[in-house]
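J.: Okay, here's what each chain looks like letter by letter:
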Amino acid sequence: MSEPLTIAVPRGTLFGGTLDLLDKLGIDTAEVRSNDRKLLFADVGIVTMRPSDVPTYVEHGSADIGITGKDVLLEQSSRKVYELLDLGYGRCEMVVAASDRGDPIADALRRLGRVRIATKYPRVAAEHFAETGRQAEIVEVKGSVELAPLTGLVDGIVDLTASGKTLAENNLRVMEQIATCTARLIANPVAHKLKAEPIDSILERIRA
Amino acid sequence: MTHPIPPGTRDVLPEEMRELRAIGDRMRACFERAGYGEVHTPALEYEDVLRRGEARAAGARYRTFDESGAVLALRSDMTIPVARVVATRYADAEPPLRFSYLARAWRATDRGVGEPREFLQGGLELIGIPGAEGEAEVVALTIAALDDAGLRRHRVGVGDGALYSSLLTSFGVPEDAHLPMMESLSRRDLVGLEGQVNALGLGDDERDLLVRLPQIRGGREVLDRADTAGLDGLRELHELLAERGVADRVIFDLGLVRELGYYTGSVFEVYDPAVGFTLGGGGRYDELIGRFGRDLPACGLALDVQRVHLAQAAEETLG
Numbered sequence: 036m037s038e039p040l041t042i043a044v045p046r047g048t049l050f051g052g053t054l055d056l057l058d059k060l061g062i063d064t065a066e067v068r069s070n071d072r073k074l075l076f077a078d079v080g081i082v083t084m085r086p087s088d089v090p091t092y093v094e095h096g097s098a099d100i101g102i103t104g105k106d107v108l109l110e111q112s113s114r115k116v117y118e119l120l121d122l123g124y125g126r127c128e129m130v131v132a133a134s135d136r137g138d139p140i141a142d143a144l145r146r147l148g149r150v151r152i153a154t155k156y157p158r159v160a161a162e163h164f165a166e167t168g169r170q171a172e173i174v175e176v177k178g179s180v181e182l183a184p185l186t187g188l189v190d191g192i193v194d195l196t197a198s199g200k201t202l203a204e205n206n207l208r209v210m211e212q213i214a215t216c217t218a219r220l221i222a223n224p225v226a227h228k229l230k231a232e233p234i235d236s237i238l239e240r241i242r243a
Numbered sequence: 016m017t018h019p020i021p022p023g024t025r026d027v028l029p030e031e032m033r034e035l036r037a038i039g040d041r042m043r044a045c046f047e048r049a050g051y052g053e054v055h056t057p058a059l060e061y062e063d064v065l066r067r068g069e070a071r072a073a074g075a076r077y078r079t080f081d082e083s084g085a086v087l088a089l090r091s092d093m094t095i096p097v098a099r100v101v102a103t104r105y106a107d108a109e110p111p112l113r114f115s116y117l118a119r120a121w122r123a124t125d126r127g128v129g130e131p132r133e134f135l136q137g138g139l140e141l142i143g144i145p146g147a148e149g150e151a152e153v154v155a156l157t158i159a160a161l162d163d164a165g166l167r168r169h170r171v172g173v174g175d176g177a178l179y180s181s182l183l184t185s186f187g188v189p190e191d192a193h194l195p196m197m198e199s200l201s202r203r204d205l206v207g208l209e210g211q212v213n214a215l216g217l218g219d220d221e222r223d224l225l226v227r228l229p230q231i232r233g234g235r236e237v238l239d240r241a242d243t244a245g246l247d248g249l250r251e252l253h254e255l256l257a258e259r260g261v262a263d264r265v266i267f268d269l270g271l272v273r274e275l276g277y278y279t280g281s282v283f284e285v286y287d288p289a290v291g292f293t294l295g296g297g298g299r300y301d302e303l304i305g306r307f308g309r310d311l312p313a314c315g316l317a318l319d320v321q322r323v324h325l326a327q328a329a330e331e332t333l334g
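From first to last, the protein sequence lines stand for chains S and X.
Residue numbering for the first sequence follows my numbering, starting at 36 and increasing by one per position.
Residue numbering for the second sequence follows my numbering, starting at 16 and increasing by one per position.
The hints are simulated quantities; they were obtained by calculation from the structure and are not laboratory data.
Please note: incorrect hints may appear among the correct ones.
[Claimed, not checked] Listed below are the simulated EDC-like cross-link pairs for lysine to aspartate or glutamate, each with C-alpha atoms no more than 20 Å apart in a straight line:
id : chain 1 : residue 1 : chain 2 : residue 2
1  : S       : 115       : X       : 198
2  : S       : 200       : S       : 211
3  : S       : 115       : X       : 62
Given the sequences, and given the hints that come with them, work out the whole structure.
T.: In structure tokens, the structure reads:
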């Protein structure tokens, strides 16, 4: 039963915290740290990828467990993965933000009956506005979301912010908090049963 | 030029079809030898009739009208049609009754791994044998059918779908708090569930049990480690499975719940280490046939034949 686990590790802002965590678990991350072009580290059971790909690999079972942000899990809520643990690091807020002059969201809703929102999280944004009883047109963008309201493309944005600095530099301010997001440990449903011992051993060591 | 087919459906060409057919035939022969006669029911049923079995018509995806305006739905599983058959065509037959099927069903699904909207189910229903005795027969026969189909490493996860909500009730948690917690449990959002449990303001022991339970899975020993009432049925099931020589193929999973609304007790899921998705599932549904007018306990399990094929191919690749 002591089959090694394959762990999906997110590159990007969660990368450092995740490697620190794996070090504490006794997994050798030296090669992962030193080689940022290589993706698969079979000796230590690590595969590295974008955070938003982690649920895909874990759902399919190509990785047994993985680490990704709650923001990714909220956006991909139909993925069949188990969310085992809040790892605490990588804390940031999913917010609605708009120009720091006036209240363009309220103005659009009052005068036009709907608000236009740019985001990389179309599902989270659509659900948030639906739940709060407001009609929203969601505009999905891939790059810097902060640009969209500055150019008049939209009235506001839904995005992640850690310090609020980028928002402030672009004359945007937080209007509403949607959720606090931290790194989460997720598992493939079948691996959770068939590799219960190594998964539980990792959970215990993280909790300790 | 493309001529599309509906999303979630697919064409099967001869080479794959031969392999699927072989798997289905071996499963069917195994069920038949065990006394489970094959039944076939209409692909289209009146939606009202399916809804009598389960409020959401068990997730039926496709609906249409007939010339009188009645709503017809493509069946989403075979369990509800078999329950209807038992209550109507076998209204006076002496139980137990045993039926098997190899039939297509259609279900509303989001996109997902190997998750089509049209799928071929091979399954069995055992009617009239209550409790662990009936469940042991169904689980053991499922394992045997997969052996015959060529799998070597398959396992069956067994849980009690009523356990968690009965614990909530015994701890005095109000009914309206159950549903969101059961939804978290069903998705195994254990972070969300822990938050919901903490908000209940229970004593430490009760709180710990509710947080711990969904993580408890493994062999017979977990039934003692769990330290809770309500596991006698699973203990008895283990004994009966041991008598049938398949206890080591079973994983007890105390957090297991199934999405369909008609299950009343034990629930099953089938796994193979070669693939990351379940091959099928089932459970005990003691009230379903009663909704069609004949009060009989029953349990059953259905396998997705295409997924069994994927697992078999993956096992071969892994060697």
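J.: Determine for every hint whether it applies to the structure shown.
T.: Status of each hint after checking the structure:
1. S:115 / X:198: holds (13 Å)
2. S:200 / S:211: holds (16 Å)
3. S:115 / X:62: violated (28 Å)
Against the hints set out earlier in the document, a violation occurs for number 3 only.
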